[in-house]
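Trainee: Taking the hints into account, I'd like the entire structure generated from these sequences.
Just so you know, the sequences run in chain order A and B.
With numbering that gives the first Met the number 0 applied, the first sequence closes on residue 78, and no number is skipped along the way.
With numbering that gives the first Met the number 0 applied, the second sequence closes on residue 270, and no number is skipped along the way.
Since the hints were made in silico from the structure, they are not lab data.
This one's a predicted model, so the numbers in the text were calculated from it and none came from an experiment.
Hints are supplied without guarantee of correctness; some may be wrong.
[Unchecked claim] With a Cα cut of at most 27 Å, we get these calculated DSS-like pairs of lysine-lysine: (1) B:Lys65 / B:Lys103; (2) A:Lys9 / A:Lys30; (3) A:Lys1 / A:Lys18; (4) A:Lys18 / A:Lys50; (5) B:Lys107 / B:Lys52; (6) A:Lys63 / B:Lys103; (7) B:Lys65 / B:Lys52; (8) B:Lys259 / B:Lys52; (9) A:Lys63 / A:Lys52; (10) B:Lys32 / B:Lys259; (11) B:Lys65 / A:Lys63; (12) A:Lys48 / A:Lys63; (13) A:Lys30 / B:Lys136; (14) B:Lys108 / B:Lys65; (15) A:Lys9 / B:Lys136; (16) A:Lys52 / A:Lys3; (17) B:Lys248 / B:Lys259; (18) B:Lys107 / A:Lys18; (19) A:Lys58 / B:Lys103; (20) B:Lys108 / A:Lys63; (21) A:Lys39 / B:Lys136; (22) B:Lys32 / B:Lys248; (23) B:Lys32 / B:Lys108; (24) B:Lys143 / A:Lys18; (25) A:Lys48 / A:Lys58; (26) A:Lys50 / A:Lys1; (27) A:Lys58 / A:Lys39; (28) B:Lys32 / B:Lys52; (29) A:Lys63 / B:Lys32; (30) B:Lys65 / B:Lys107.
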Amino acid sequence: MKAKIHVTLKQGILDPQGKAIEHALDSLGFKNAGNVRVGKYMEVDLDEKDKAKAETQVKSMCEKLLANTIVEEYRYELG
Amino acid sequence: MLSAESWSRENALSLVSALSTQHFPSALGAMMKIGVVVFPGSNCDHDCQHIFKDVLGQYVEMIWHKETLLAGLDAIVLPGGFSYGDYLRTGAIARFSPVMGAVKEFAKKGGLVLGICNGFQILLEAGLLPGAMLRNKSLHFICKDLSVKVENAATSFTSAYESGQVLKIPIAHADGNYYTDPVTLAAMQANAQIVLRYCTPDGKVTPEANPNGSLDNIAGIINAEGNVLGMMPHPERCAEAVLGNDDGKLVFLSMLEALKGKGKQLKMVGA
Chain A
0 MKAKIHVTLK QGILDPQGKA IEHALDSLGF KNAGNVRVGK YMEVDLDEKD KAKAETQVKS
60 MCEKLLANTI VEEYRYELG
Chain B
0 MLSAESWSRE NALSLVSALS TQHFPSALGA MMKIGVVVFP GSNCDHDCQH IFKDVLGQYV
60 EMIWHKETLL AGLDAIVLPG GFSYGDYLRT GAIARFSPVM GAVKEFAKKG GLVLGICNGF
120 QILLEAGLLP GAMLRNKSLH FICKDLSVKV ENAATSFTSA YESGQVLKIP IAHADGNYYT
180 DPVTLAAMQA NAQIVLRYCT PDGKVTPEAN PNGSLDNIAG IINAEGNVLG MMPHPERCAE
240 AVLGNDDGKL VFLSMLEALK GKGKQLKMVG A
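Mentor: In structure tokens:
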């Protein structure tokens, strides 16, 4: 099973990289683009057939290491 | 005596520790044993060693991050650098180094732990200090001398300073934008846990004096118990008059004074 994990800064937390990209998009003429958030994307192969068990593991990975939940949030897909 | 079969690094360490503390107390005298943790990617470890050993005449043990035993140490320094290449997040991987379990135990027993720059980031990730670091607001890696105000001179790391003293001290980081939730911030403010703040050269804490967007101009914080301090500025880079600036030296002297029980009467509200 493969987990596809996205980690981004929480809404309301300043994302300086997102802001810089937003300004660059603006200067390229994409005047309608806003609220750019930069994050991380990770893929993890799991030797696990039970989806519920895999989900518990991925959640634990995110809470313990992959995201710092003080400033970041995470979401994932399993498949 | 230890047989060859039972010989191990653990035995060696405990033997050294026993000898130095029990059999030769006068030989070591008032010398303190400072442990400097070395992670893969640490790069200020030898600067910290130099200050404690050569400038202040103490015994320094360099501790590889794989160690799990911290015998006979009086204080621990987590130095600056780029542990594990700052992969994932600064300090995120270092906090799972084998040595960190022992560092946590040491801190829990009230031992002095100083985290400088990357060391501060590791303390945050390890949960030994509250909050987290974000990328600098400007996105730049900033390496320069700044003015930093001692907001609390009644700690084991700042007692040799005057309250409100302004230090010239360098920072060198890309992720020093301190963040915590409003409840934790209010508690830290009420508890005098914000020990160092970025300021103007004449000591005013203003948004313009904030180099990285750090909440409340925070440059350094201490835990509620008063034995773990994290700071982004580098006191070890300005601790010798011969190098033009020794404003940072008193951080290390304060620690030694605290260890010798000669520090100012330390009071931490709620500790």
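Trainee: Now tell me, hint by hint, if it's right for this structure.
Mentor: Structure-based check of each hint:
no.: 1; hint: B:Lys65 / B:Lys103; result: holds (15 Å)
no.: 2; hint: A:Lys9 / A:Lys30; result: holds (24 Å)
no.: 3; hint: A:Lys1 / A:Lys18; result: violated (32 Å)
no.: 4; hint: A:Lys18 / A:Lys50; result: violated (37 Å)
no.: 5; hint: B:Lys107 / B:Lys52; result: holds (26 Å)
no.: 6; hint: A:Lys63 / B:Lys103; result: holds (16 Å)
no.: 7; hint: B:Lys65 / B:Lys52; result: holds (23 Å)
no.: 8; hint: B:Lys259 / B:Lys52; result: holds (17 Å)
no.: 9; hint: A:Lys63 / A:Lys52; result: holds (17 Å)
no.: 10; hint: B:Lys32 / B:Lys259; result: holds (12 Å)
no.: 11; hint: B:Lys65 / A:Lys63; result: holds (20 Å)
no.: 12; hint: A:Lys48 / A:Lys63; result: holds (22 Å)
no.: 13; hint: A:Lys30 / B:Lys136; result: holds (23 Å)
no.: 14; hint: B:Lys108 / B:Lys65; result: holds (21 Å)
no.: 15; hint: A:Lys9 / B:Lys136; result: holds (16 Å)
no.: 16; hint: A:Lys52 / A:Lys3; result: holds (15 Å)
no.: 17; hint: B:Lys248 / B:Lys259; result: holds (17 Å)
no.: 18; hint: B:Lys107 / A:Lys18; result: violated (40 Å)
no.: 19; hint: A:Lys58 / B:Lys103; result: holds (25 Å)
no.: 20; hint: B:Lys108 / A:Lys63; result: holds (24 Å)
no.: 21; hint: A:Lys39 / B:Lys136; result: holds (19 Å)
no.: 22; hint: B:Lys32 / B:Lys248; result: holds (17 Å)
no.: 23; hint: B:Lys32 / B:Lys108; result: holds (16 Å)
no.: 24; hint: B:Lys143 / A:Lys18; result: holds (24 Å)
no.: 25; hint: A:Lys48 / A:Lys58; result: holds (16 Å)
no.: 26; hint: A:Lys50 / A:Lys1; result: holds (10 Å)
no.: 27; hint: A:Lys58 / A:Lys39; result: holds (16 Å)
no.: 28; hint: B:Lys32 / B:Lys52; result: holds (10 Å)
no.: 29; hint: A:Lys63 / B:Lys32; result: violated (33 Å)
no.: 30; hint: B:Lys65 / B:Lys107; result: holds (20 Å)
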